[in-house]
Structures are given as structure tokens and as C-alpha cells.
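Q: Sequence:
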Amino acid sequence: MRRILHFIVILAGLMLGTFMVSAARTSWSVHQGNGRLQSSEYPAFPSPALPQRLLIVSPHPDDETLGCGGLIRRATAQGIPVTIVIVTNGDAFPWAVQRAYNKIRPSSSDYIRFGELRQKETLKALGELGVAKKNIIFLGYPDRGLEPLWMTHWDSSKPYKALKTRRTRNPYPGTYRPRAAYTGESLTEDLRNILQAVRPTDLFFTHPNDDHPDHAYLSGFILAALNRLDPKSWTPENGIAKADGRMEGFHHTLPGLRLHTFLVHRGNWPTPQGYHSGERLPPPAALARLDTRWRTLDLSAPEKTAKTKAIREYKSQLRVRPGARFLLSFVRENELFGEYRFLRSVPPAEIGQRYTTPWFLTLDPTDDKVPRDLEPGADLQEVALRRVGDDLVVRVMTRGDMSRWVRYRINLHTLGSTKAPAPHRYVVRYRSKRLAGDVPCAWERDALEVRIPLSRLGNTQKIMVNAETIVGGIVVDRSAWRGYATNESPVAGR
Numbered sequence: 008m009r010r011i012l013h014f015i016v017i018l019a020g021l022m023l024g025t026f027m028v029s030a031a032r033t034s035w036s037v038h039q040g041n042g043r044l045q046s047s048e049y050p051a052f053p054s055p056a057l058p059q060r061l062l063i064v065s066p067h068p069d070d071e072t073l074g075c076g077g078l079i080r081r082a083t084a085q086g087i088p089v090t091i092v093i094v095t096n097g098d099a100f101p102w103a104v105q106r107a108y109n110k111i112r113p114s115s116s117d118y119i120r121f122g123e124l125r126q127k128e129t130l131k132a133l134g135e136l137g138v139a140k141k142n143i144i145f146l147g148y149p150d151r152g153l154e155p156l157w158m159t160h161w162d163s164s165k166p167y168k169a170l171k172t173r174r175t176r177n178p179y180p181g182t183y184r185p186r187a188a189y190t191g192e193s194l195t196e197d198l199r200n201i202l203q204a205v206r207p208t209d210l211f212f213t214h215p216n217d218d219h220p221d222h223a224y225l226s227g228f229i230l231a232a233l234n235r236l237d238p239k240s241w242t243p244e245n246g247i248a249k250a251d252g253r254m255e256g257f258h259h260t261l262p263g264l265r266l267h268t269f270l271v272h273r274g275n276w277p278t279p280q281g282y283h284s285g286e287r288l289p290p291p292a293a294l295a296r297l298d299t300r301w302r303t304l305d306l307s308a309p310e311k312t313a314k315t316k317a318i319r320e321y322k323s324q325l326r327v328r329p330g331a332r333f334l335l336s337f338v339r340e341n342e343l344f345g346e347y348r349f350l351r352s353v354p355p356a357e358i359g360q361r362y363t364t365p366w367f368l369t370l371d372p373t374d375d376k377v378p379r380d381l382e383p384g385a386d387l388q389e390v391a392l393r394r395v396g397d398d399l400v401v402r403v404m405t406r407g408d409m410s411r412w413v414r415y416r417i418n419l420h421t422l423g424s425t426k427a428p429a430p431h432r433y434v435v436r437y438r439s440k441r442l443a444g445d446v447p448c449a450w451e452r453d454a455l456e457v458r459i460p461l462s463r464l465g466n467t468q469k470i471m472v473n474a475e476t477i478v479g480g481i482v483v484d485r486s487a488w489r490g491y492a493t494n495e496s497p498v499a500g501r
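Under our numbering, the first residue of the sequence shown is numbered 8, with each subsequent residue one higher.
Keep in mind the hints are simulated off the structure, nothing from the lab. We put the CB at the ideal spot given by N, CA and C, even for glycine. Some hints here could point you the wrong way.
[Unchecked claim] No farther apart than 20 Å at their CA atoms in a straight line, the calculated lysine-lysine pairs in the PhoX-like style are these:
#: 1; residue 1: Lys316; residue 2: Lys131
#: 2; residue 1: Lys131; residue 2: Lys322
#: 3; residue 1: Lys322; residue 2: Lys311
#: 4; residue 1: Lys141; residue 2: Lys131
[As the list claims (entries may be wrong)] So the derived label-pair ranges between C-beta atoms look like this:
#: 5; residue 1: Ala56; residue 2: Asn466; range: 22 to 30 Å
#: 6; residue 1: Val395; residue 2: Arg332; range: 48 to 56 Å
#: 7; residue 1: Arg319; residue 2: Ala443; range: 44 to 52 Å
#: 8; residue 1: Trp412; residue 2: Glu48; range: 39 to 47 Å
#: 9; residue 1: Asp305; residue 2: Gly181; range: 16 to 24 Å
#: 10; residue 1: Pro279; residue 2: Tyr108; range: 45 to 53 Å
#: 11; residue 1: Pro279; residue 2: Asp397; range: 46 to 54 Å
#: 12; residue 1: Arg112; residue 2: Gly479; range: 37 to 45 Å
I would like the entire structure built from these sequences, with the hints used as guidance.
A: What follows is the structure, given as C-alpha cells:
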């Protein structure tokens, strides 16, 4: 018995040592990669000018200031209309609530009170940036709730119960629609109505590769809301360009609308952490080489000062780790914006010998997280789609060999379907040949492929798609949500 215990202790020590070495290697590699980009140059983001109208959609209070504070200050200083939408009140942060009210176990009422506090902080912060109170819209949806709203609580038959406030409806006064149900349908309609009312020329939202689930899933809600707008009612005004709003692959044009993303959470980015106002803000190394076109807006000294003052109004966030060190990391020489990309058709010549026909391809960053380094079969590399006859083929490729320890999940969200619920989820276990609904699955060493009848998706022509890897019930990797049109270049036969 003693020998067995001794062996277990040695094995546990070896496993812990392997994890620590791997963690240190991955962290140092990511840190070095981010640091090397400090001197990289990116195209300039156009400075805003009349007659532009900016709409910035932020998942939580403070994200809008971190990602766009300098841009907001420049726009308001020039009299350019700026509207800010705060989707959640950031009310599910236990450490911050505990600190705010000196309670080890805050009640649901404490979390709601904290959400109201964050609204007040937002008004003060955006006041420093010149945004009038009437142009700040709070929606009051649940913090840490956008993923379940998108995938499992879409319609009114099953509203989501918020993680900490324990509410199924918006409890906050001073919001866009008090008592709004916590459903994906409700949030999508709110965003659609706001877009129609504001009619922005430039729409900003968080990047789909952001690590925070609320940030990543927001991009899906944005696209779903845009898809519900009637292009005929979106007449350009004041000489705004007519051809900027084409959604590649979606055959959908909103005249004069440009889509931009900003990033907040991605590993230990920004590098270095802390207040370094003289440093540049490049994209994380893992995202710099993928499919986002990054551009930078250089900030003046007064703009950086205003942004710093705005960040310091978020006192509830500055008091808890990572707090000021993280938030002030976004006061840099520039701000960073990405051009939103939809799935693009890639001919075989561009993607080597894996494919003999064109696919719609999205890439995912690799080698940038410790769990993915330990299990390469959970590190997503690409998600590809194509239509074959009346089927949608989804192919998922990983950096390493597919693993029996990993569950692979393909998430689909149909837009405009009337014959099926909007969300669809396919969980693929190692070497499974058939999935739920008798959907076939084929395997290769480092890839899997599922073939889903379009009839199961309501024969819709527009689909949002992403993939996830799960180890021990924890999502280890998640690809960006991308839009795909099933009537784009269908492939006959296999």
C-alpha cells in the first residue's frame, strides 16, 4: 500500500511539474510574441469626421472606454454623433460585489445594487469623454449570460435565469426596455430597433475572437440584428458612401454602414500590462496573423488624458484584481480596430492539398493558451464549410491529433429560418460515426467532418457557425462566430 501511495505521489508530482513547465513555456512564448509586435506598423484607422454617426456596442460597462475611449473623445469633440449601447450591467463579478459591500456571500439584491452602481460609473466615465446621458443606452441583459441566450434560451418559452441576480427579466430602471425577458430573441430585437433608430455609419463591437464569452457571442447577436434590417429602408444620408456596407457572403447591403471590431480580453494582452501611455498597442501575436485586418488610430495627449480619467471612474473595477493594472493597459499611443470579416471562399490553391474544391474557411489562433498546449487535439486550427447538394458539410481541424479526451462541439445558428429553432448544437465524441438525428461524422488524424441536411436547419440560406473543444466539462478553445450563406457557390457532389 505504501508503495502504491509513493507511486501516486511521484506521478502527481511529475504531472504537476509537466503542467508548470508547459505553462511557463507557453506564457513566455505568448509574451515574447506579443512583445515583438510593439514595433510593427499597421494601416491608419480613418479619423472620424462629419457626417459620420458612430454606434458602439459594449458587452459590459468599461469595455467601450477600454477599446474606443480615445475615438469617442475625438468624435464628440468634433460634434460627431456618438451613441453607446451597454448590453449587460456587469453584475456577475463576485469579487467586486464582495469588495463593494463587504460581504462574503452577497445576495441577489446586492448583485442588482452593484449593477445599478456600474450604470452610474458608466455615466460618469462617458461624461469625461463628452457623451451626453441621452446617448447612453443600457439594455440590462445578464452578465455572463450572452452564450446561453444565444444557444439555449432563444425564445420566450425558456427565459434565462441570471447567474447572480437570479432574475429572468431586466430588473434595472433607466434601461432601454425595463422588464425585457432574458432571451436571445429579445436582445436581437432590441439591437435591431436601436440600429434602425440610430442608423449609424460606423458600428463598433467586440471581436469574435475575444476570450470573454459575452464579448465573443455579442458578434453573433450583432449580425443577427443586422440581418433583420431592410436594406431598402437604409437610405444613405448626407452624402455617405453607398457601397461600404456589403456583407461578404451574405448578399446583404446596408448603404453606408461600416463594421469595426475592438478587442479587450486575449490572454496576457496588452503587453506589457499596466499604465504605459507611451507604448504602442498592437494586436496579440496569435490574432495578428489571422484573418482580421487591423488598423490603428493614433491618440493625442488630451485624448489619452480624457481616456485615463474615464477609466478611473470605474472605481468598482479598479479596486479588485487585475483592476487598475489591466484597465490602464489600454491607455496607449493608439487604439486598435479590426475590420469585421465573414467566411470567405478559399480556392484549393490557397490551402494546400487538403481540399480539392473551394471551401468557406475561418482560421483559429493556435499555441496561445496553456490547456491547448497540453492537449493539441483541443487546439482548434480552422473551421471550414461548404454546401454539397442539399447538405451542409462542416469540417473542424485541430493543431494535433484528435483526442479521446476531447469533446468537439459544432454550434450553428440559423438566421431567418421559420421551420426550425434558431440554435443547433452537435456534440461529437471521439470517433463517433453518427450524431444526434442520424447525422454522419467522418474522421481523419487531425480533423472531423459532419454532414448536416439543410432541411434540419430549416432550409435557411444564412447560418452563423463556430466550433468548440471541451475537456472535463470546460471549454478549452472556441472559434470565432462567422456568417455563411448556403447559396454561395454550392458544390455539386463530393
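Q: Tell me the hint numbers this structure goes against, listed in increasing order.
A: 5, 9, 10 and 12
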